[in-house]
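Dock chain B against the given chain A, drawing on the hints supplied.
In the order they appear, the protein sequences are chains A and B. Just so you know, the first sequence maps onto residues 0 to 511 in numbering that gives the first Met the number 0. Just so you know, the second sequence maps onto residues 0 to 72 in numbering that gives the first Met the number 0.
Since the hints were derived computationally from the structure, they do not count as laboratory data. Keep in mind it's a predicted model, so treat the numbers as computed, not measured. None of the hints are false.
Chain B is faced by these chain A residues, among others (derived, beta-carbon under 8 angstroms):
#1 Ser276
#2 Lys278
#3 Arg279
#4 Ala280
#5 Pro326
#6 Met327
#7 Gly328
#8 Lys329
#9 Ala330
#10 Ala332
In silico DSS-like links for lysine-lysine, alpha-carbon gap of 27 angstroms or less:
#11 A:Lys302 with A:Lys372
#12 A:Lys278 with B:Lys37
#13 A:Lys278 with A:Lys449
#14 A:Lys239 with A:Lys302
#15 A:Lys302 with A:Lys215
#16 B:Lys18 with A:Lys285
#17 A:Lys79 with A:Lys239
#18 A:Lys79 with A:Lys10
#19 A:Lys374 with A:Lys215
#20 A:Lys372 with B:Lys37
#21 A:Lys215 with A:Lys239
#22 A:Lys215 with B:Lys54
#23 A:Lys449 with B:Lys37
#24 A:Lys215 with A:Lys186
#25 A:Lys302 with B:Lys15
#26 A:Lys374 with B:Lys37
#27 B:Lys37 with B:Lys54
#28 B:Lys37 with A:Lys458
#29 A:Lys285 with B:Lys15
#30 A:Lys278 with B:Lys15
#31 B:Lys18 with B:Lys37
#32 B:Lys18 with A:Lys278
#33 A:Lys278 with B:Lys54
#34 B:Lys37 with A:Lys285
#35 A:Lys10 with A:Lys105
#36 A:Lys285 with A:Lys239
#37 A:Lys302 with A:Lys285
#38 A:Lys302 with B:Lys54
#39 A:Lys278 with A:Lys458
#40 A:Lys302 with B:Lys37
C-beta atoms are modelled at their ideal positions from N, C-alpha and C, and glycine is treated no differently.
For reference, the chains in residue letters:
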Amino acid sequence: MSFDDMVEDLKAREAHARAMGGPDRLARREAQGLLNARSRIEALIDPDSWVETGLLAVSSMMREDRDRTPADGKVAGFAKVGGRMVGIASNDFTVKGASSSATNMKKIGHVKRVATERGFPMVFFGESSGARMPDNMGAKGMGSNLGQDPQQYVRTRQTPWASAVLGQCYGSSAWYTCLSDFVVMRKGAIMAVASPGLASFAIGQEVEAEDLGGWKLHSEISGLIDRVVESDEEAIAEIKRFLSYMPSHCNEPPPRAPVPAGSDEGSSRILDILPESRKRAYDVRKIIACLADLDSFFEFKPKFGRTAVTGLARMDGRTVGFIASNPMGKAGALDVAGCEKATRFTVMCDSFNIPLVLLVDTPGFVIGIEGEKQKAPGKIMNFMQALQMCTVPKLSIIMRKSYGQAYLNMGGGRNSDDVALWPTAEVSFMDAGFATEIVTWGQQASDEHKQEIRAGMEKDSSAYGLAEIYAAQAVIDPSQTRRYLIQQLEIHQMRLSGDVGAHRMAAWPTTF
Amino acid sequence: MATTNVTSEVIGTVWKVEKAKGDAVEEGDLIMILESMKMEIPVEAPVTGTLSEIKVAPDDSVEEDQILCLIES
Chain A
0 MSFDDMVEDL KAREAHARAM GGPDRLARRE AQGLLNARSR IEALIDPDSW VETGLLAVSS
60 MMREDRDRTP ADGKVAGFAK VGGRMVGIAS NDFTVKGASS SATNMKKIGH VKRVATERGF
120 PMVFFGESSG ARMPDNMGAK GMGSNLGQDP QQYVRTRQTP WASAVLGQCY GSSAWYTCLS
180 DFVVMRKGAI MAVASPGLAS FAIGQEVEAE DLGGWKLHSE ISGLIDRVVE SDEEAIAEIK
240 RFLSYMPSHC NEPPPRAPVP AGSDEGSSRI LDILPESRKR AYDVRKIIAC LADLDSFFEF
300 KPKFGRTAVT GLARMDGRTV GFIASNPMGK AGALDVAGCE KATRFTVMCD SFNIPLVLLV
360 DTPGFVIGIE GEKQKAPGKI MNFMQALQMC TVPKLSIIMR KSYGQAYLNM GGGRNSDDVA
420 LWPTAEVSFM DAGFATEIVT WGQQASDEHK QEIRAGMEKD SSAYGLAEIY AAQAVIDPSQ
480 TRRYLIQQLE IHQMRLSGDV GAHRMAAWPT TF
Chain B
0 MATTNVTSEV IGTVWKVEKA KGDAVEEGDL IMILESMKME IPVEAPVTGT LSEIKVAPDD
60 SVEEDQILCL IES
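Bound-form chain A, shown alone:
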């Protein structure tokens, strides 16, 4: 073969690989408004930055599949997003349902290893059917394919991972989604351990796909995803936004962004949002919007664990993580889902050198049988331990109520590097009326006796009571909170380590 023929042969092989599952399958996707594995990559990356790995890889197990498995159903490579390198794994559902095979698992493993060792994020476009059959069937199938990479599902958070759930996600797409720091899901996509079909055959459970693993389940009940969108394009835009807040790896601080004009103007609105009545709720997200750089708040899991609000934002151009109790959800009493959400977010921020700002208005933890069945004490301690293990700066603002153990979980005492109070703050172990009932429980206490007891319980719970014993560092005018936080973020920069924390939770689980 001449050199020219060799080059032509190479081009033909590459063209075949890039054609994916063929024009008919690609056209059907396009008609449904779906991007394909390669157009998703194009929509994500900076122009002309794509470097593919394993383009000519094909199925190695079944001889008859060699010509029917372009790129072996998983497109992998490296590219720039916003000028920074990322690793990408994009499942091509038009090739054998992007099922996992001996070859394509090596491709994904390579990209993950390079991203981890060279220090840049991973992006997964999830849409895969699970292990390829019959390749993985039988003892030899299992022994030859699965389990060849002992680090395949290890998550040690050296670099950020972002996943998009963009179709049917069973097997590896579901697993990588659950190991990621950020997950966006397109409505209509499904993520589950196994398909509705298998659930039907194997356990006789007739289920609708949406009920088994749809966006409502995962955004409101399981909490396994962070954001819901309507289209592939929106999902990709959300991944770009997430990455913009993050460092490329754990050994550098997050990038700094310009501060949008008007970012200081929100502070004056705080006292319009905060109700004068302590019984009146308000949406704490409105307070966050006043404190953060203009339009920079990027909320995680808005519909899950609504007693807490978590999200990334910027203050003076620096990435920060907000954790806030929200009086609009169960009066701000933190429940099991709220604790899980706060724990996961704390671990992520700590692992990537993102300071935490805690906004507190909580009467405590939700109590009762339902929470206990869901391991409430364990969830509370996961959150508490995460906060105490944190080595990134932690700043706490007590806005109104901060009671009991929740006072500690939300950064009270020495659990933050700095605690500031609004004059509206009230801090105690519990409501004086409840405390009276508890200490007189089972007694035939007269009303007069209860009044005496209650008088002893009604101690000074004001902001000034805490400030006088220096259990908080300052009482501040709410309208000065943004300025105060920016000053404290500068004071507490981790100068001795180049703004890099100790990452003591880097290998903690990604779900709790």
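Positioned in the frame of chain A, the structure of chain B alone reads:
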């Protein structure tokens, strides 16, 4: 014309309804106040428009995500 469902964030009861069917509302206007866990939970207009229907009355029990009223905009 688009219809926006205004839903309850919480399980609770309706305490006060501050607007009536046909009222014009601006985004952020208070429509009603719910009571849940001894707290007053404001329900605000998510969009500017006209209240085309109010589906609850004071003392009604409401569930999370229950539609409380509709706004045409």
